[in-house]
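A.B. asks: Sequence:
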Amino acid sequence: MTYHIPLLTLLIFSQSISADLLGTGDLGVIIEREPAAIQIINTTSKSSISRITDLGDLSHASVVFSRDARYAFIFGRDGGLTKIDLLQDRIAKRIIQAGNSIGGAISQDGTLIAVSNYTPGGVKIFTTETLELVADIPALYGDNQLSKVVGLVDALGQKFIFSLFDAGEIWIADLKDPAQAKIQKFKAVGKQPYDALLSPDGRYYIAGLFGDRGLALLDLWSPEQGVKRILPDYAKQDEKLPVYKMPHLEGWAVAGNLMFIPAIGQHEVLVIDQSTWQLIKRIPVIGQPVFVMARPDGRQVWVNYAFPDNAHLQIIDVKTLSLIKSLNPGKAVLH
Numbered sequence: 079m080t081y082h083i084p085l086l087t088l089l090i091f092s093q094s095i096s097a098d099l100l101g102t103g104d105l106g107v108i109i110e111r112e113p114a115a116i117q118i119i120n121t122t123s124k125s126s127i128s129r130i131t132d133l134g135d136l137s138h139a140s141v142v143f144s145r146d147a148r149y150a151f152i153f154g155r156d157g158g159l160t161k162i163d164l165l166q167d168r169i170a171k172r173i174i175q176a177g178n179s180i181g182g183a184i185s186q187d188g189t190l191i192a193v194s195n196y197t198p199g200g201v202k203i204f205t206t207e208t209l210e211l212v213a214d215i216p217a218l219y220g221d222n223q224l225s226k227v228v229g230l231v232d233a234l235g236q237k238f239i240f241s242l243f244d245a246g247e248i249w250i251a252d253l254k255d256p257a258q259a260k261i262q263k264f265k266a267v268g269k270q271p272y273d274a275l276l277s278p279d280g281r282y283y284i285a286g287l288f289g290d291r292g293l294a295l296l297d298l299w300s301p302e303q304g305v306k307r308i309l310p311d312y313a314k315q316d317e318k319l320p321v322y323k324m325p326h327l328e329g330w331a332v333a334g335n336l337m338f339i340p341a342i343g344q345h346e347v348l349v350i351d352q353s354t355w356q357l358i359k360r361i362p363v364i365g366q367p368v369f370v371m372a373r374p375d376g377r378q379v380w381v382n383y384a385f386p387d388n389a390h391l392q393i394i395d396v397k398t399l400s401l402i403k404s405l406n407p408g409k410a411v412l413h
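Heads up, the sequence shown is in my numbering, so the first residue is 79 and it goes up one at a time.
Just so you know, not all the hints are guaranteed correct.
[Stated by the list, open to error] Below, a list of computed lysine-lysine pairs in the DSSO-like style, where the Cα atoms sit at most 30 angstroms apart:
(1) K260 x K306
(2) K171 x K124
(3) K306 x K263
(4) K254 x K171
(5) K323 x K254
(6) K263 x K237
(7) K254 x K237
(8) K306 x K237
(9) K359 x K323
(10) K263 x K323
(11) K403 x K323
(12) K237 x K269
(13) K306 x K254
(14) K254 x K265
(15) K359 x K306
(16) K323 x K269
(17) K260 x K171
(18) K397 x K359
(19) K171 x K237
(20) K237 x K260
(21) K306 x K265
(22) K409 x K323
(23) K403 x K124
(24) K124 x K306
(25) K323 x K265
(26) K306 x K323
(27) K306 x K269
(28) K323 x K260
(29) K359 x K269
(30) K265 x K237
Since the hints were derived computationally from the structure, they do not count as laboratory data.
Since this is a predicted model, take the numbers as computed values, not measurements.
Given only the sequences and the hints, what does the whole structure look like? Please build it.
C.D. replies: In structure tokens:
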């Protein structure tokens with residue numbers, strides 16, 4: 079028996095399918111701290127497509143995306159690692175891999191997900207396809223102690239770099255063969271590295287030191303030279319001034335050859351010449367900065383603040399190195 083489907087029906091059906099198709103590059107994710115949910119949004123139409131709940135503790139959540147931008151990987155504070163299918167609006171996989179986590183990164187080739195953990199201290203590596211554990215790197219130091227791990231980033235050559243807060247060390251993990259991860263350790267880099275960043279060109283890994291003055295700089299082009307201390311004035315200057323929230327080094331802004339960084343415990347944004355690593359200006363701001371983020375074209379830098387000034391945003395003009403606008407969008411402007 080032969081069935082004949084009218085051409086008009088086929089056209090209507092095909093149009094209904096294509097109407098639902100979305101380019102993954104058009105999608106974004108908004109994390110809702112409470113009640114632990116995310117929204118998938120269309121960035122062109124500026125509309126919410128769907129909302130996904132039951133994601134655990136998102137009080138310090140972060141997200142990375144697969145290379146094809148189809149999947150978002152959510153790192154929760156409760157040790158949860160969740161793979162979200164952005165096209166199907168669903169949880170593809172969710173695991174609890176530790177007791178207390180602080181973030182993660184995806185490898186250069188997009189096949190591995192690394193998670194940095196406070197409890198138990200260390201880094202765990204999973205496949206992006208199935209979230210299967212392929213490497214477990216405990217952050218051991220001293221008398222068989224475990225350190226909290228911070229400042230985890232991905233680097234060229236299928237590597238991850240991270241800092242050991244309690245040990246004062248920086249480690250490079252080579253995951254070309256996940257079954258036999260190779261670890262290069264840099265010890266005595268400074269007291270209590272609390273966060274870190276990778277420069278946009280992938281050359282420099284820079285760790286902030288909560289217990290020391292200055293910053294720890296590792297040149298990944300010449301790791302044999304070891305870790306150097308730079309910016310000796312980058313420190314909490316007034317010991318009596320409370321630090322309401324440590325600034326995030328991932329929130330440093332790079333515009334041209336200038337680097338804009340939040341001063342610890344001070345109402346300032348520091349401007350650094352990246353070619354010399356010297357301080358060239360202090361810009362007074364309304365509160366203690368947490369994130370300092372550059373606009374994509376580098377012309378402006380946006381700043382948000384710790385309590386009690388976390389209702390404010392301020393904008394710095396990169397050309398004049400001065401504040402040009404203050405905004406008050408509401409309480410608790412966070413990440």
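A.B. asks: Between K306 and K269, is the straight-line Cα distance small enough, at 30 angstroms or below?
C.D. replies: Judged against 30 angstroms, a Cα distance of about 13 angstroms means the pair holds.
A.B. asks: Is K397 within 30 angstroms of K359, Cα to Cα?
C.D. replies: 13 angstroms, holds
A.B. asks: Holds or violated: K359 and K306, Cα atoms, limit 30 angstroms.
C.D. replies: It holds: about 22 angstroms lies between the C-alpha atoms, which stays within 30 angstroms.
A.B. asks: Has the given pair, K124 with K306, been kept, meaning a C-alpha gap of at most 30 angstroms?
C.D. replies: 45 angstroms, violated
A.B. asks: Taking only the CA atoms, is the gap from K306 to K254 under or equal to 30 angstroms?
C.D. replies: The given pair, whose Cα atoms are some 27 angstroms apart, holds under the 30 angstroms limit.
A.B. asks: Run the distance test for K403 versus K323: straight-line Cα separation, threshold 30 angstroms.
C.D. replies: 23 angstroms, holds
A.B. asks: Hinted pair, alpha-carbon criterion (30 angstroms max): K263, K237. Please report holds or violated.
C.D. replies: 13 angstroms, holds
A.B. asks: Given the hinted pair K254 and K237, is their alpha-carbon gap at most 30 angstroms?
C.D. replies: Since the Cα atoms of K254 and K237 sit roughly 8 angstroms apart, the hinted pair holds (cutoff 30 angstroms).
A.B. asks: Take the C-alpha atoms of K306 and K265, compute the straight-line distance between them, and say whether it is at most 30 angstroms.
C.D. replies: 12 angstroms, holds
A.B. asks: Run the distance test for K323 versus K269: straight-line Cα separation, threshold 30 angstroms.
C.D. replies: Roughly 18 angstroms separates the two Cα atoms, so the pair holds.
A.B. asks: Within a Cα-Cα threshold of 30 angstroms, do K306 and K263 meet the stated pairing?
C.D. replies: 14 angstroms, holds
A.B. asks: Given the hint that K359 pairs with K323, does the C-alpha gap stay at or below 30 angstroms?
C.D. replies: 23 angstroms, holds
Going through the hint list in order, the structure does not satisfy hints 5, 24 and 28.
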